[in-house]
Amino acid sequence: MKKQFLGFAVVAAAAILTASPASAHRQWLLPSSTVLSGDDVWVTVDAAVSNDLFYFEHQPLRLNSMKAWAPDGSEAPIENASTGRYRSTFDVHLTQKGTWRIASVSDGVMGTYDLGGKTERLPRGTTTANLAERLPAGATNVKTAESNNRNEIFVTVGEPTTTLFKPTGKGIELAPVTHPNDLFAGEAATFQFLLDGKPAAGLPVTVIPGGIRYRDQLGQIDLTTDAAGKVEVTWPEAGLYWLNVTTPRAAREEGEAAPAAPQRRASYVTTLEVMAP
Amino acid sequence: MQPLSRTALTGLTLGLGCTFAAPVLAAEPATMDVTVAIPRLKVAEYHRPYVAIWVEKAGASAKTVAVWYDHDMKNNEGTKWLRDVRQWWRASGRSLRFPANGITGATRAPGTHKISFSRAQLGAMAPGQYTLVVEAAREVGGRELLRIPFVWPGKSGAGARAAGKTELGTVSISFR
Chain D
0 MKKQFLGFAV VAAAAILTAS PASAHRQWLL PSSTVLSGDD VWVTVDAAVS
50 NDLFYFEHQP LRLNSMKAWA PDGSEAPIEN ASTGRYRSTF DVHLTQKGTW
100 RIASVSDGVM GTYDLGGKTE RLPRGTTTAN LAERLPAGAT NVKTAESNNR
150 NEIFVTVGEP TTTLFKPTGK GIELAPVTHP NDLFAGEAAT FQFLLDGKPA
200 AGLPVTVIPG GIRYRDQLGQ IDLTTDAAGK VEVTWPEAGL YWLNVTTPRA
250 AREEGEAAPA APQRRASYVT TLEVMAP
Chain W
0 MQPLSRTALT GLTLGLGCTF AAPVLAAEPA TMDVTVAIPR LKVAEYHRPY
50 VAIWVEKAGA SAKTVAVWYD HDMKNNEGTK WLRDVRQWWR ASGRSLRFPA
100 NGITGATRAP GTHKISFSRA QLGAMAPGQY TLVVEAAREV GGRELLRIPF
150 VWPGKSGAGA RAAGKTELGT VSISFR
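Line by line, the protein sequences give chains D and W.
To convert, note that position 141 of the first sequence is 140 in numbering that gives the first Met the number 0; the numbers rise steadily by one, no gaps.
To convert, note that position 44 of the second sequence is 43 in numbering that gives the first Met the number 0; the numbers rise steadily by one, no gaps.
The set of hints was computed from the structure by calculation and includes no laboratory data.
Since the structure is predicted, the reported quantities are computational estimates derived from the model, not experimental observations.
The reader is advised that the hints may include incorrect statements.
What the hints assert, rightly or not - What follows is a list of derived Cβ distance ranges for each label pair:
{"#": "1", "chain 1": "D", "residue 1": "263", "chain 2": "W", "residue 2": "103", "range": "35 to 45 Å"}
{"#": "2", "chain 1": "W", "residue 1": "44", "chain 2": "D", "residue 2": "186", "range": "27 to 37 Å"}
{"#": "3", "chain 1": "D", "residue 1": "176", "chain 2": "W", "residue 2": "113", "range": "35 to 45 Å"}
{"#": "4", "chain 1": "D", "residue 1": "127", "chain 2": "W", "residue 2": "82", "range": "36 to 46 Å"}
{"#": "5", "chain 1": "D", "residue 1": "200", "chain 2": "W", "residue 2": "38", "range": "25 to 35 Å"}
Glycine is no exception: its CB is placed at the ideal position from the N, C-alpha and C atoms.
Please build the complete structure, drawing on both the sequences and the hints.
Next up, the structure:
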């Protein structure tokens, strides 16, 4: 019983850190390399939540739901995982050639219900699976919305492969037109984004080059997916880029209140490495 | 002229209140008014900027006259991001203790803010060339710094301005 409770507390803590990237700094995964060669290949990944990209200066990203998949679709172990004050870090032994996925995915349910004349909020950590047991008896006017958050990176040993890009059909996912491990400065890359498995038009896409700490302007590139869910990015220079896609949310000015009803939310974060030509 | 005589009177009364009041009846401004415009930005995640205002003079150490930051967070957590106002942090901030008396203020909303400083607050005791520096740094946003040179004693009604492009709007100074 006690153990179970502890487990829940950990998941809840993770949810706090991963549930709303747009309103709580920026979360990111930073691989030691994205393009790799050789026979005994490893990648080390840093994971953090911060203001500056990619500097670990605020909170570590919890590794509870961090997973890795080999090019053939099998799950691979996260090794040497450690969570420090400002960042988490772990290794993945890349034992197969091709493109690997390393991802932290969290799905939740937000919402409200009425009980005894009062409107209450669903607790953090609510999911579609436990919603029924979380709702107290007698709750009425239940309003819920799903939230799906995906933070993932790709790394490739040898030739890029696309076997891992089959969509799960949940939340926002990347369908590569340009392979995410085949990016060069000065070249245009096209990515397609799916929401619940279908091409999603009108999603805001934010691209921010790393190295924020040493410049005054973010250099943010704002894009919106077209009717086919696609965006085209021309990389201004080589380096690491943080890419964030979310379900549309009205930009709010200082003092404006958040919308009252829960809204379907999904977010997608990836880190892309653009090579120098 | 009505405005002139009023300025002269203000200058005199304030001047008498301070120890450096010159034994002349000529209006010597005792106060600098500063207006700082913080632009309204349409961004997904907006936080009010941290703003520091300080005075520099060649050969003297910088004097902070105002710093607007999240001074009321628990455990003084808001001080963590003071270093992001990085020129100010180097020039003056890192030698201060927080909350710093008389200069600490809350972050301010977009709009135009007017604040006034006495000659003593500005540390502009000796006549000469000074520079007022205003620096703004916004969480998950950008940073901008503006410099406005001025001469003390300033002339009543005289002023100067600088226009920001990103994190600051127009910053202006005048004397009275």
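Verification of the hints:
{"no.": "1", "hint": "263(D) <-> 103(W): 35 to 45 Å", "result": "holds (42 Å)"}
{"no.": "2", "hint": "44(W) <-> 186(D): 27 to 37 Å", "result": "holds (30 Å)"}
{"no.": "3", "hint": "176(D) <-> 113(W): 35 to 45 Å", "result": "violated (53 Å)"}
{"no.": "4", "hint": "127(D) <-> 82(W): 36 to 46 Å", "result": "holds (43 Å)"}
{"no.": "5", "hint": "200(D) <-> 38(W): 25 to 35 Å", "result": "holds (31 Å)"}
In summary, the structure is inconsistent with hint 3 from the numbered list given earlier, while agreeing with all the others.
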